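Keeping their order, the protein sequence lines are chains X and E. Position 105 (the first sequence) corresponds to 105 in our numbering; numbering is contiguous. Position 4 (the second sequence) corresponds to 119 in our numbering; numbering is contiguous.
Derived from the structure by calculation, the hints contain no laboratory data.
Pairs of lysine to any residue, SDA-like flavour, derived with a Cα cap of 20 Å: (1) 24/X - 157/E; (2) 49/X - 212/E; (3) 24/X - 54/X; (4) 126/E - 137/E; (5) 172/E - 95/X; (6) 126/E - 41/X; (7) 172/E - 3/X.
Note that this is a predicted model, so its numbers are computed, not measured.
If you want the building blocks of each chain, they are given just below.
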Amino acid sequence: AQSVTQPDARVTVSEGASLQLRCKYSYFGTPYLFWYVQYPRQGLQLLLKYYPGDPVVQGVNGFEAEFSKSNSSFHLRKASVHWSDWAVYFCAVSIKGNNNNRIFFGDGTQLVVKP
Amino acid sequence: EAAVTQSPRSKVAVTGGKVTLSCHQTNNHDYMYWYRQDTGHGLRLIHYSYVADSTEKGDIPDGYKASRPSQENFSLILELASLSQTAVYFCASSDALLYEQYFGPGTRLTVL
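Pulled out of the complex, with its shape left as it was, chain X reads as follows (with noise of 0.2 Å):
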């Protein structure tokens, strides 16, 4: 069965400093892959995609992240935190299926930006 596992549930970093959020999932056919952010009170924003391709992908703000078959994994990165990065961060695997488009998701990991 399709799974995603974010195995962080909050990541603390400076302002400034580099990011990695970690990201394993399960599922048995090709993959399509998306990282969501949730700032304060409001709903799921994409960040960025996966379609098969280029394993590296990057997305809004200097998010980039970068699939992995060999180890089902779909890290985020980025270079240089901002305050304004603190929020939850969501990765999820879609599938397809006869009359549906369903998205898994993971827990979340709350990202904490310290000064």
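Dock chain E against chain X, hints included.
Using the frame of chain X, we list chain E on its own:
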């Protein structure tokens, strides 16, 4: 700008009462979804729809009904609200040719 909107943005309901949450999308998407989010957790799928006048059960449909009267509108109905249904509810839409979904701002429901 294409968008998903939800109403109300917050609601307080009494146990046993009826609650209707509404979602409207201007994305011209075929698929629509209702999720619930509990504190500290990801999203769980309640119901979804791939065409007007048809709805499908998601992973946690018990205690919820859904209605899709048109391509743009998708409602979630709690006939007898219970304390355990206190959560934030998100609506989303998706195009049949794409894999990603686009979310509304959420409705914070408190059942007392």
